[in-house]
Amino acid sequence: MTFSTRDLGIDLGTANTLVYARGRGIVLDEPSVVAVDSRTGTVLAVGHEAREAVGRTPGTIVAIRPLRGGVVSDYEAAEGMLRQFIAKARRSRTRAPRVVVSTPSGVTGVERRAVLEATSRAGARSVHLIEEPMAAAIGAGLPVYEPCGSMVVDVGGGSTEVAVISLGGLVVARHSRVAGDALDAAIAAYVEKQHTITVGERTAEQIKTTLGTDARMVIRGRDKVTGMPKTVQLDSEAIREAVEPPVQAIVDVVCSAFDACPAELYGDIMERGIVLTGGGALLHGLDERLSRETGMPVTVADEPTTCVAVGTGRCLEDFARLETAFAAPATAAVA
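Residue numbers (the working numbering): 351 to 685.
It should be emphasised that the hints constitute simulated quantities derived from the structure, not laboratory data. Glycine residues also receive a C-beta, built at the ideal position from the N, C-alpha and C atoms. Any given hint could be a false lead.
[Stated by the list, open to error] Label-pair ranges, simulated between beta-carbon atoms: (1) 388 x 446: 28 to 36 Å; (2) 574 x 389: 27 to 35 Å; (3) 426 x 634: 33 to 41 Å; (4) 585 x 647: 23 to 31 Å.
The task is simple: from the sequences and hints, build the whole structure.
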């Protein structure tokens, strides 16, 4: 099968969607957010424009995220979002593109069909799916086609994907819906409980990223008890404690993959180490925590947030060689 320069690879993420155009690289990176008119169901805006509307829209306009836990939760909104993203990414309007889309390794057949149908109705001529951990490993430059074990941990917004890969296939795959969103929720719950301030998704994410590099930060909001404006100072140690439960869940799913790893590949992983990809790979100290818990060296990919998108794009660049990447994992489980 030959792919043309019109064809697209899509990292359809819970938090962000990235689109790779063959021959051009990543051409779109926008939040997976849709602004919808609740009266008519019409999609009014997607991506950055829709995200700016979160928390600021009138009652008739709802800003939603059409994916949860890495899978489609609102079919119509997902289709509308994909339609606009594909239109933005296409250079030519003369022919519909072939599309490669990443999906979590633990999705059901129904969830796979939802992605296939939404992408097809959004304007794709044909749609091919690839498991996220395989795409992440390809994008990170791991030797997935060599007869040796490589291990990737992809921590996205809605799911954590862990896989041991050898000879172009997923030997072991583990999937958990504890990821970046769970970390944000834990932070929001902590701030509300300790300081009686309600924070939204965007503020919680800002706290998560800022306190990874700075020891303290100030947030402002409305006190739930008094209704008055309130300013509080957060420190990194408190936030580390707040996110401990979801971080431990991520560690547990990584360790469960080791339990199922064939002995022949275990030594390869000890030598090569674990590669972290996804936005969650940027969480301060996660690589050190995984190394300490597993006893394995852990490194963060050079561009962790784009690895999955680049992996789908490399399938477009050399589809014949990477065709086996579309195979189902040999061992898969949902944590």
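Against the structure, the hints:
Taken as a hint, the range 28 to 36 Å holds for the pair residue 388 and residue 446, whose Cβ atoms sit roughly 30 Å apart. Residue 574 and residue 389 have their C-beta atoms about 31 Å apart, which keeps the hinted 27 to 35 Å range intact. At roughly 38 Å, the beta-carbon separation of residue 426 and residue 634 lies within the given 33 to 41 Å, and the hint holds. Here the CB-CB span from residue 585 to residue 647 is close to 30 Å, well matched to the stated 23 to 31 Å.
Going through the hint list in order, the structure satisfies each hint without exception.
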